[in-house]
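Taken in sequence, the protein lines are chains A and B.
The opening position of the first sequence corresponds to residue 1 in this note's numbering, with each subsequent residue numbered one higher.
The opening position of the second sequence corresponds to residue 1 in this note's numbering, with each subsequent residue numbered one higher.
Among the clues, some could well be false.
[Unchecked claim] Computed Cβ-Cβ distance ranges for the label pairs, DEER-style:
1. B/G94 / A/G231: 21 to 29 Å
2. A/D20 / B/R141: 27 to 35 Å
3. B/E64 / A/P251: 45 to 53 Å
4. B/G43 / A/R265: 20 to 28 Å
5. A/D125 / B/A36: 28 to 36 Å
6. B/R108 / A/G216: 52 to 60 Å
7. B/P381 / A/R10: 50 to 58 Å
8. A/A341 / B/A57: 23 to 31 Å
9. B/G43 / A/A42: 30 to 38 Å
10. A/R457 / B/R141: 19 to 27 Å
Please keep in mind that the hints were generated in silico from the structure rather than gathered at the bench.
Beta carbons: idealized from backbone N, C-alpha and C, even for Gly.
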Amino acid sequence: MSAERGLLDRDVVAVSAGPDLFADALASQGARVTRVDWHPPAMERELAALWRDDVDAANREALARLLSAHQVLIDVRPAIEVIPGMARDLILHAGPPIEWTRMSGPLRGALVGALLYEGLASTPDDAARLAAAGGVRFDPCHHHAAVGPMAGVTTASMPVFVVENRARGNRAYSTLNEGLGKVLRYGAFAPEVIERLHWFRDILGPALGEAIRRTGGVDVRALIAQALQMGDECHNRNRAASALLIKALAPHLASLDLPPAERARLLAFAAGNDHFFLNVGMAACKAAADAAHGVPRSSLVTTMARNGTQFGIRVSGLGDRWFTAEAQTPVGLYFAGFGAADANPDIGDSAITETAGIGGFAMGAAPAIVEFVGGTPADALRSTRLMYEITLGENTAYRLPPLDFRGTPTGIDVRLVMQTGILPQINTGIAHREAGIGQIGAGLVKPPRACFESALRALAAERHGD
Amino acid sequence: MRIADETRRVPGVSSAALVLATAANRQALVEAGLWAPGAEGPGPDDLIIAVSAESEAAARAGLERAEALLATRRPRAAPAAAESPRSLTAGARGAGDANLAVVSVPGRYAVAEAHQALSAGLHVFVFSDGVDVADEAQLKRRARARGLLLMGPECGTSIINGVGVGFANAVRRGAVGLVGASGTGLQEVTTLVHRLGAGVSHAIGTGGRDLQAAVGGVTTLQALELLGADPRTRAIVIVSKPADDVIAGAVLEAASDLGKPVVACLLGWRGKVPAGVRAALTLEDAALAALAALGMEARPLAGPKSTSRPRGAKSRPSSRRGGVHGLYTGGTLAEEARAVVGDAAGRFVDFGAPQYTRGRPHPMIDPELRNRAIAATGDDPSAAVLLLDVVLGHCAHPDPAGAAAPGIGEARARARQGRRQLHVVAHVVGTEEDPQRLAAQERTLRELDVIVCPSNRLAAATARELARGRDER
Numbered sequence: 001m002s003a004e005r006g007l008l009d010r011d012v013v014a015v016s017a018g019p020d021l022f023a024d025a026l027a028s029q030g031a032r033v034t035r036v037d038w039h040p041p042a043m044e045r046e047l048a049a050l051w052r053d054d055v056d057a058a059n060r061e062a063l064a065r066l067l068s069a070h071q072v073l074i075d076v077r078p079a080i081e082v083i084p085g086m087a088r089d090l091i092l093h094a095g096p097p098i099e100w101t102r103m104s105g106p107l108r109g110a111l112v113g114a115l116l117y118e119g120l121a122s123t124p125d126d127a128a129r130l131a132a133a134g135g136v137r138f139d140p141c142h143h144h145a146a147v148g149p150m151a152g153v154t155t156a157s158m159p160v161f162v163v164e165n166r167a168r169g170n171r172a173y174s175t176l177n178e179g180l181g182k183v184l185r186y187g188a189f190a191p192e193v194i195e196r197l198h199w200f201r202d203i204l205g206p207a208l209g210e211a212i213r214r215t216g217g218v219d220v221r222a223l224i225a226q227a228l229q230m231g232d233e234c235h236n237r238n239r240a241a242s243a244l245l246i247k248a249l250a251p252h253l254a255s256l257d258l259p260p261a262e263r264a265r266l267l268a269f270a271a272g273n274d275h276f277f278l279n280v281g282m283a284a285c286k287a288a289a290d291a292a293h294g295v296p297r298s299s300l301v302t303t304m305a306r307n308g309t310q311f312g313i314r315v316s317g318l319g320d321r322w323f324t325a326e327a328q329t330p331v332g333l334y335f336a337g338f339g340a341a342d343a344n345p346d347i348g349d350s351a352i353t354e355t356a357g358i359g360g361f362a363m364g365a366a367p368a369i370v371e372f373v374g375g376t377p378a379d380a381l382r383s384t385r386l387m388y389e390i391t392l393g394e395n396t397a398y399r400l401p402p403l404d405f406r407g408t409p410t411g412i413d414v415r416l417v418m419q420t421g422i423l424p425q426i427n428t429g430i431a432h433r434e435a436g437i438g439q440i441g442a443g444l445v446k447p448p449r450a451c452f453e454s455a456l457r458a459l460a461a462e463r464h465g466d
Numbered sequence: 001m002r003i004a005d006e007t008r009r010v011p012g013v014s015s016a017a018l019v020l021a022t023a024a025n026r027q028a029l030v031e032a033g034l035w036a037p038g039a040e041g042p043g044p045d046d047l048i049i050a051v052s053a054e055s056e057a058a059a060r061a062g063l064e065r066a067e068a069l070l071a072t073r074r075p076r077a078a079p080a081a082a083e084s085p086r087s088l089t090a091g092a093r094g095a096g097d098a099n100l101a102v103v104s105v106p107g108r109y110a111v112a113e114a115h116q117a118l119s120a121g122l123h124v125f126v127f128s129d130g131v132d133v134a135d136e137a138q139l140k141r142r143a144r145a146r147g148l149l150l151m152g153p154e155c156g157t158s159i160i161n162g163v164g165v166g167f168a169n170a171v172r173r174g175a176v177g178l179v180g181a182s183g184t185g186l187q188e189v190t191t192l193v194h195r196l197g198a199g200v201s202h203a204i205g206t207g208g209r210d211l212q213a214a215v216g217g218v219t220t221l222q223a224l225e226l227l228g229a230d231p232r233t234r235a236i237v238i239v240s241k242p243a244d245d246v247i248a249g250a251v252l253e254a255a256s257d258l259g260k261p262v263v264a265c266l267l268g269w270r271g272k273v274p275a276g277v278r279a280a281l282t283l284e285d286a287a288l289a290a291l292a293a294l295g296m297e298a299r300p301l302a303g304p305k306s307t308s309r310p311r312g313a314k315s316r317p318s319s320r321r322g323g324v325h326g327l328y329t330g331g332t333l334a335e336e337a338r339a340v341v342g343d344a345a346g347r348f349v350d351f352g353a354p355q356y357t358r359g360r361p362h363p364m365i366d367p368e369l370r371n372r373a374i375a376a377t378g379d380d381p382s383a384a385v386l387l388l389d390v391v392l393g394h395c396a397h398p399d400p401a402g403a404a405a406p407g408i409g410e411a412r413a414r415a416r417q418g419r420r421q422l423h424v425v426a427h428v429v430g431t432e433e434d435p436q437r438l439a440a441q442e443r444t445l446r447e448l449d450v451i452v453c454p455s456n457r458l459a460a461a462t463a464r465e466l467a468r469g470r471d472e473r
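Given only the sequences and the hints, what does the whole structure look like? Please build it.
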């Protein structure tokens, strides 16, 4: 028997769940006591089965892998060369698996654009027919160590950022960000969209790849840490991170053997895109989340992603199973001329940022965009503080100046979500429900509770299966 | 965007935008139908307020609203109040050095909370009842494997390092360490130790089922080991309700190996007691034996003054045979009293038992249910003596004697109506240091003509004698 320490040899410091009577009595005797604002959880039997040593140990391991990730941007390569399982007839998309008939407007639009871009179809109608007839295969980015914002559509010839997690050697991938306006990720497929993607493939991608290789690798973890102290939360605001990335690459881009006009165009493109960094950050988050995935018994969430129809999560200890429910429509502010009636349900892999402890979880770092969370910097801090309730730890790399440099809340625990009823806070862009119109606003969204309910049930069932 | 959003809510306004007049933003306005293509005007440092509305009046109202909002400064946010944690996990993390979780949520949730507390590395005090015994055994085995102590479920009392947890009394710190599967049993012994002049190091509640076979005495054995190693503790008292014979034997065996004097008060235990363990038959006896073990001379507890014993009361023909009715808030106190009263025992009720506490507060907090039963005793011809416990301490009613007064008065009135005499005997479990003050509570009872005794055993014995005395007359 081990010796029970810390009880009789110490003053009582209590945490109380239940009526105030007990906490009051302790306080009246001069003992320190913390009162839990306790509400009865829904699924108490499953929770009782999962607050156990094996789950705790698995979560410690998964969290350690998540926190120790050290991501470095090492290259830009065509998807077909680097993404595991990539093929000419395979198109990756955001969120959980979905068939053509159930896809939302923006996702269909992006797939049509992708088929036009790859030359697999010559007109939008051809492309739609081909997609509907099963002439190409669709698969989630998440099944291929990749992530993409909004529609997340990734095809064989698209250049992708390659981010390596130096702690475990795994890599993750994401496309290049197209900027705002008419872009493929919001379902646009006009000729200018396709033209830009060709320029990515032929000029921007190879140039970025060469510049990145010349840097010897850009430390993305350090870059995100800096950006969080410069007002980004690295999901809805990437202004500082983009500037830092361009600053790191500019000397090498300037020295590339390119016609001056092309060099100017690509620097202007990068400088003009406030979300230039977003996809790099997402790949870095994916590299950390993948490292934490696959620890048996762990209740740590390693994926939150949406395909415009459904929201899906995956959990470290539950293999490749998705736990899905109908995606909700974000609540937010709209660009001129648009309103909530135009909004598509939640879409994109970008919730990987919250999964890894930034984005909405680092809202307190980004006072410039606090209007999305209700208006004041105090609201933003409250929003971040609330996320500590559902996370297993605090980030060791990403720290928040307004919270005395406390690490961001990191590592969503399915148990804590169901215990507290608090859902993860996700910052997001809002897509128009029709293909091709693009981003119409930005705001907040929460995952459906049902995703976490079914994951909790599955975790409990696995334990009982022994 | 926030101002645009609010401007859009002005009646008649269909669309609104407030943007800096950069080229990109002007293009966006053109696409939204809010700006004429090629129109001259503002430069990139200028703010454009664009409104599209069904009438000029509505458009003007929109522009005015936008300008008013621009001119308004946001009210300063109130300083964020420290928000309470929403789980034991977060509470433990926030406190940093927390070492004890107190769980008093409804029973069906208590198992998950207790397991969560163990995951957070906390010792746990579970007050909640209604927990399955198999869950209790699992919780305790897990706690032991983690080097943690799980007190409960249905743990009424502990005193850890001078701090009472749950229903506990303010007692002097001292050298007597206690472990008990009975909450009120621990309260009785700790207060008697105090009243006899000694003090308490720790009192560890285990929950009422700890010494049952299904649980196996896990917490009791851990607690004995802790008290054995605790430098402040020089004598140990074990208090329990009826226990499983095998488990009780194992506990006594372990107790005899601690190298410290041990007093065991296992109510209903008929087995042998190993050398080095002193058996006590009553809670009072346990307290006296603990003092003896410390080498202290106990001031004897005085019985009620003989003058307060009603003598010569004429027997009424309507109460040919009278018994002692015990209406208790403490289960162990009720059991002990019934055993002492023996043949004279009439109706005995423990209002702290689960069937009386389901969906309502414990009778130590809410006197309502017992008061009704007390009043009804006045109608019962079989009741010659009413025997009560009055429990003081943290978490208990702020004035339990006063709270019992209406019931006692009503019982007496009804007995008078039935031309019967009803004696009332009570014991107050508490100390002068308790928030309710022992002397004041006893005085309240005496003013009601209640015979007040300094221990539960003495109260029961006094009640028995009163009942017999009447029979003999």
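Status of the hints after comparison with the structure:
no.	hint	verdict
1	B/G94 / A/G231: 21 to 29 Å	27 Å, holds
2	A/D20 / B/R141: 27 to 35 Å	31 Å, holds
3	B/E64 / A/P251: 45 to 53 Å	51 Å, holds
4	B/G43 / A/R265: 20 to 28 Å	25 Å, holds
5	A/D125 / B/A36: 28 to 36 Å	35 Å, holds
6	B/R108 / A/G216: 52 to 60 Å	59 Å, holds
7	B/P381 / A/R10: 50 to 58 Å	57 Å, holds
8	A/A341 / B/A57: 23 to 31 Å	25 Å, holds
9	B/G43 / A/A42: 30 to 38 Å	56 Å, violated
10	A/R457 / B/R141: 19 to 27 Å	25 Å, holds
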